[in-house]
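S.K.: The primary structure of each chain is shown beneath.
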Amino acid sequence: MILVEYAVIFIILAPFIGGLLAGIDRKLTARMQGRVGPPLLQPFYDVGKLFKKEQIVVTPSQHFYVLSYLVFIVASGALFFAGGDLLLVIFAFTLAHIFLVLGAYSSYSPYSFIGAERELIQIIAYEPMIILAAVGMYMVTKTFFVWEIMASSMPLILYLPGVFLGFLMVLTIKLRKSPFDLSTSHHAHQEIVKGVTTEFSGPMLARVEIAHWYENVFLLGFIYLFFAWNPLVGIIAIIIAYVLEILIDNTFSRATWKFTLKSAWIIAGMMGLVNLGVLYYLSGVVPV
Amino acid sequence: MINNDRNPDFYPFEGEFMITLPFLILFPAVIAVLLLLVSADAWRRLVVKAGALIIGIASLYLLFITPGSGPEFFPVALDSISELMFLAEMVIAAFLVYLGIKYKKYLAIFLVLAQAALLVYYESLAAAGTHAVPRLFIDQFSLILALIIGIIGSLICVYALGYMATYQEHHPEVRDRRRTFFFLMFFFLSSMFGLVFSDYLPWVFFFWELTTLCSFLLIGYSGTGEAVNNAFLALNMNLLGGIAFVGALLYLAFVSPGGELLDISTLIHSGHMVALVPAVLIAFAGITKAALMPFSAWLVGAMVAPTPVSALLHSSTMVKAGVYIIVRFAPVLTGTMEGLIIGLIGGFTFLLASAIAISQSNAKKVLAYSTIANLGLIVACAGVGTYKLVWAAILLIIFHAIAKSLLFLCVGTVEHRIGSKDIEDMTGLIVRMPHVAVMMFIGIAGMFLAPFGMLISKWAAIEAFIEAQFGLIFVAILAFGGSITVFFWSKWMGKIISVCPVAAKVENRIPQEKWIALSLLTAMTVFVCLAFPLISSHLIEPFVLSVYGATTRLSQDNVTIMVMMLFLLMIMPFSLLWFRKEKNIVPPYMAGRPATPDLHFLGSMGVTRQVTLGNYYLEEVFGEKKLFMAGTALCFGLILLVGTLTAGVAL
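Protein sequence lines, in the order shown, are assigned to chains S and D.
Using this note's numbering, read the first sequence as starting at 4 and increasing by one per residue.
Using this note's numbering, read the second sequence as starting at 15 and increasing by one per residue.
By construction, these hints were calculated from the structure, which means they are not laboratory data.
Be a bit skeptical, because a hint or two may be false.
[As the list claims (entries may be wrong)] Going by beta-carbon spacing under 7 Å, a handful of chain S positions derived as facing chain D:
(1) THR62
(2) PRO63
(3) ASP88
(4) TYR108
(5) PRO113
(6) ILE126
(7) THR201
[What the hints assert, rightly or not] Listed next, the stretches of chain D that the computed footprint assigns to chain S, with coverage defined by at least 3 CB atoms under 8 Å from CB atoms of chain S:
(8) 470 to 481
(9) 493 to 499
(10) 506 to 517
(11) 600 to 606
Ideal Cβ placement from N, Cα and C applies to all residues, glycine included.
Given these sequences and hints, build the entire structure.
M.R.: As C-alpha cells, then:
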C-alpha cells in the first residue's frame, strides 16, 4: 500500500531536516577541530544567499540536468517514504545521480569532468552494497516494499549486522565524507576545486545543495529500516551512525579512487555477501 | 493448455498461418535472390525497401492472428523438404571446405568434415526409422522473436542501403559486392524465421547452420586478412556448436528411433531422463552462437564487418538464435546441476564482459562486450530457468534487441560523419550531430537506466534469483555487474553530451534511409517501455503460463510508478525551453589561467595548449587481457564440468 501522505510529508519536511542536519554537522565538525563553528542555521542562510545570486552558466543544458537531479532525488525519497519497492527506489536514486554526473560532464570543464568520472567510480563502489542491503531485507521479511518491511516488526539489524556495517560504508560515500569524498567535498581543500559541482553556481548550486539534503534524509531513513521494530532504538541508531560519520570525516585523509573502489567492494563482499550467505544457509535450517 | 495433438488429420482452421509462416520464411529468401540479380542501385533501393516493408507488415500481422495461449502447429507433409535440406547442408559443407582450402584454414575444414560425417550418420539412422511429419509452429515466444527479426532486422537492412553506399565510397579498396551483401542480409532474415518457426529439430538445425554460414560470409565481407581470420574464427566456434547440435540429434535418434522426440514441443515435456542430454548439447550450441565466454572472441572479432552486419548479428538475429534455443530448453534445464552450471557460465560472462567494457574506448567494442554481457545474463536466467527467470529472460531479449540495434546504427552513422568509432572522438556530439546524439543518448539510457527496459529486466531477474536455488550467487553477480554497466554507459553518455566550445556541426549528408531506421528504432525504444505491461500480459505471460503452468509480472504499483517516472523523464527536457533564455554564459573555470573561448591556455614552459578531456578506462583494474583470460579459463572449466556431468547421464 503506497502512502501518498508520507511522500508529501517527506517532500515538505525533508529540506528542513536535511538543512538542520547539515548545520549540526558543521557545528560538530567545528567543535572536533577546536573551532566555534557557524550558527546552526547557517546552511539555510547559505542556500538563501545562493538563490539571490545572479545565475551564470557554462551551458544552459546544465540547468536541465541539475533540475532532473533534484526532481529524481525527491522522487526516489518520496517513493521510499511512501513505502514503495526498495529496488525501484534504489534505481531511481541511481538515475538521479547519473543526472548530476551528466550535468558535470555537460560543461566541458576540466575540474567538473574529473569530478564526474570520480563520482561514477563512487557510484559503482557503493551500488552493489546498497542492492545487497535491499536483498538482505527481502531475505528476512520476504518483501521489497518499504511499508511491509516497516510493518514486519522484525529486528532486521539482528539478522543483517554485516549488511548494516556495509551500509555504513555506503553512507560515508554518499554523505561525501572523507576518506571517500573523491568527487566533491564539503571542505575547501579539494585538489579538483569543487569537483562535480565546480561549474554550478547561484540558484543552480542551491538546487544541488537542497537535493543533497533530501538525499541525506532518505539515507537516514534507510538506516532506520534496520531498526524499524523499535522507533526509539532506530532514532538512537541514526544519531550514533551520523556522529560516527562525522568522526570518520574528521579522522581520515582522502583516499584514492582505487582504494575507495577496492575497499567498498571488499566490504560489500565480506560483510554484505557473507551475511547474506549465512542467512541463506540458516533459512534452510531454521525458518526465519 | 499445451496442444500436443499429433493427429496428422488435425488441421486447425487458421488458413492464414499456413500462408504466413512459410511466407515469412520464403519471402525474404526470394527478395534475397532478387537482390542478387539486380545491380542498379535505384532498383536495389526499391527492392530492399519494399521487401523490408512487406516483411515488417507480415510479422506485425502475426501479432493479430497468433492464438492467445499455447502453441499452434502446422504439419508440413512434404517429404522432399527434409531431403532437400540434407542436400543443401552437404553443398554448404562442400562450399566451406572449398573456402577452407582456399584460405588454408585447416581447422575449419576438419570441423566441417566432422559435422558432415555426423550428419550423414544421422541421416542413415533417421532414414531407417519412421517418418514423423515435420511441423512448423508458432507460440508467443516465436512470435516475439519473429517481430524482432521482421521489424528490427528489416529496418537494419534499410539502414544498410545508406550505410553501404557511403562504406564503398570510404573504402575504395573493398570490392563492391553489395549484391552479395544484401543477398546475405535478407537470407539471414529468412533463416532466422525458419529457426524460430520450426518445431522439428533437424529443421532447426538446418536453419541454425544457415545462420552460421551467413554470418561467416558477412563478417568476411571486406576480404581483408583480419576480416577473413575473424570470419573463420566465428565459423570454427559456431561449427563446434553445430557439432554438439548434431550430437543432440544423434542421441535422440538412438533413444527414440521413431523420431517422436525430435519435436521441441514434445521433447521439453518428456522429462529429464531423455531430454537432459540433448538439452545440454543444444545449450552448448546456443552458448557458442550467443558468444558467451569462452567463445566470446568471435563476436568481438566480428566487429570488423560493416556496422549494419554487427547490428544484425548482435542485436536481432545470430546471437538471439543462441539464446532463443536455450530459453526454449529452460524447462528441461531448470532444477538440474547442468542447468545451474550453464547459468553460471552466463553469469560470469555477464560480470566479466561488463567489466571489460569499462576498459574499451572503441564504441563498437563497448557494444560488443555489452552484448556478450547481456546474452550472458539471458543465459543465466534461462539456465536456472524458473518461470520468473524465463519471464525476465524474454523481457531482456526484447529490450536488448531494440536498444542495441539503435546503438549500433547510431555508431555507424557517427562513424561515417566524423570518421571514427572511438568514444573519445565523440566529444560534444550533442553540438556536432544533435539529432543522432539524442538518439544515441536514448539508446544508452535504454540499456541501463530506470525506468527503461533493460533495467526492468535486471530488476525482475534480481527478484527472481533470490527465490531460486543457489540464487544468491546470481544476485551478487547482478549487483556488481549491474553497477559496472552504469560506469561504462554513463561515461559514454557524458562524452556525447559535453557541450564542447570548439565543435562544428556536421550533421548533414546523412541518407534518408538511415534517418528512417534511426527514428523508428528510437521511437520503439521509448514505446516498448510504455507498452511493456501490455507486452508482458499479451505475449510473455501466456507463453510462460503455457510452459510452466505459472507466470509472473511486476506488481501494479510498480508499473504505475515506472510509467510516472517515464513521463517525468519525458517532460524534463521541456525545462530547456525555459532555460534556453539564459544570458550569462561564461567559459568553464580554468583555475584562473587566462584562456581563450576555445579553451587554449598558456601551459608550462610557455607552450599554448588546448584543453582536452579524456575518460577513465581503469586499465589496471578492468584490463581486457587479464579479465578475458580469467573469464575464458573459468567458463571453459565450467563447460568441461557440465560436459562430464552430461556424459555421466548419457552413458
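S.K.: Run the structure past the numbered hints and jot down the numbers of the failing ones, going up.
M.R.: Going through the list in order, the structure violates no hint and respects every one.
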